[in-house]
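Read top to bottom, the protein sequences are chains G and A. All residue numbers for the first sequence refer to numbering that gives the first Met the number 0, where the first residue is 0 and numbers rise by one. All residue numbers for the second sequence refer to numbering that gives the first Met the number 0, where the first residue is 0 and numbers rise by one.
If you are wondering where the hints come from, they were derived from the structure by calculation, not from laboratory data. Each hint should be verified, as a subset may be incorrect.
As the list claims (entries may be wrong) - Straight-line C-alpha distance at most 30 Å; calculated DSS-like pairs for lysine-lysine: (1) Lys212/A <-> Lys143/G; (2) Lys167/A <-> Lys129/G; (3) Lys212/A <-> Lys122/A; (4) Lys129/G <-> Lys212/A; (5) Lys61/G <-> Lys139/A; (6) Lys69/G <-> Lys122/A; (7) Lys129/G <-> Lys138/A; (8) Lys122/A <-> Lys129/G; (9) Lys43/G <-> Lys138/A; (10) Lys139/A <-> Lys70/G; (11) Lys138/A <-> Lys143/G.
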Amino acid sequence: MVKLINADEAVSLFKSGQSLMIGGFLSCGTPDMVIDRLVQTALKDFTLIANDTTTPDCNRGKLISAHKIKKAIVTHIGTNPETIAQMNNGEIEVDLVPQGTLAERIRAGGAGLGGILTPVGVGTDAAQNKEIIRIDDRDYLLEKPLKADIALIYATYGDAYGNLAYDGTTRNFNVLMPLAADTTIVEVENFSDTPLDPNQVIVPGIFVDYMIVRNKHG
Amino acid sequence: MDKDKIQEIIARRVAREFHDRDVITLGIGLPTKSIQYIPHDIQVNILSENGIFGVGSYQTEENYDPHIINAGGVGVTIKAGGCFIDSFMSFSMIRGGHIDVTVLGALQVDQEGNLANWCIPGKFTPGMGGAMDLVVGTKKLIIAMEHTAKGAPKILKKCTLPLTVAQKVNMIVTEKGVFEVTPQGLCLREISPYSSLEDIKQTTEADFITDLK
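Chain G on its own, in the form it takes in the complex:
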């Protein structure tokens, strides 16, 4: 059974310097409650692995604004001038990764693979310091798996078994990250004591350690 906790209990699971995978695409499908509490702590020097850093006042962007992130492995920072400013003054190291490559590196981390071969980025700066492997006359970049200490993700629906389901475009990276992290904390919008319909489950509960119910476990 999943362990239901509140935001303070969730924050107690974090330590400075950890790597965090945080779900969401811009402001869609984001776990907000833990981040709102995390920015009030003295914790810092996190490595952020996420699609983007959204805007300075939204979700992952709040961690940037609060100077909690020392390295960001993301696909896009163009919507957050604070990330760009901190990158330019050397405060944050930003590793820009093509979006499909980020998804596959996380999947590899969670699926027990030693890496993936992708044609994306061949002939560009994204190929710098990467091994190129030629297969059947086509060049591929060897991209290594990504793992994290904590995955902090969102789900629209969750049950007492930790099973998760999603509405709309909220799935994005939320459904990949739980596989690649040592500990997964999920913020659910709708919690049910009775099990979700097994046909509708998107993320199996075995990947979920802790659950916070939005507007309930603040």
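With chain G's structure known, arrange chain A on it following the hints.
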């Protein structure tokens, strides 16, 4: 000509490249404007890489739903027969050769079909987002852009900015005309009624041959 008119000319011409049942992906901004000019007698499926196959119209106050956005962060609806997907499935479709047409903007494009649209070192580094994936897997890559930037050519002999992809662009649509990247080199195929061969020669740095349709 004002900017809106220029963008409309480009978007209208891009929309003529879509065929019935095509699966298409569109960059934000100008490429997305081509949706409004898709001929009524064809049906296309738009993939938004954040997780919708079959993007519908923009949301209104009546059907507002924060669970559904497009890759530009704008609230949209989903068409009948569409589905929601995660980032893994989305980029499997994109990278795996399942997209018929991709339309993106460009900072620079060159006569070899190289594209630069994600970074101006030291000035503008938003990141590539999904662009590098989108260009690799697509069957047809169309660049939709204004012909020049502040009067300076954007269609060059060789891109000087960091590349998004090497030798992959198939077609360039601007307000002045349409180019195709062919094995013989860059080829001017159409001249817009708002331009002329002389105008295009003066505002294009790349070498090109002219073979009008």
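Verification of the supplied hints:
{"no.": "1", "hint": "Lys212/A <-> Lys143/G", "result": "violated, 47 Å"}
{"no.": "2", "hint": "Lys167/A <-> Lys129/G", "result": "holds, 21 Å"}
{"no.": "3", "hint": "Lys212/A <-> Lys122/A", "result": "violated, 40 Å"}
{"no.": "4", "hint": "Lys129/G <-> Lys212/A", "result": "violated, 43 Å"}
{"no.": "5", "hint": "Lys61/G <-> Lys139/A", "result": "violated, 39 Å"}
{"no.": "6", "hint": "Lys69/G <-> Lys122/A", "result": "holds, 21 Å"}
{"no.": "7", "hint": "Lys129/G <-> Lys138/A", "result": "holds, 26 Å"}
{"no.": "8", "hint": "Lys122/A <-> Lys129/G", "result": "holds, 25 Å"}
{"no.": "9", "hint": "Lys43/G <-> Lys138/A", "result": "violated, 45 Å"}
{"no.": "10", "hint": "Lys139/A <-> Lys70/G", "result": "violated, 36 Å"}
{"no.": "11", "hint": "Lys138/A <-> Lys143/G", "result": "holds, 27 Å"}
Consistency note: the structure conflicts with the earlier hints numbered 1, 3, 4, 5, 9 and 10.
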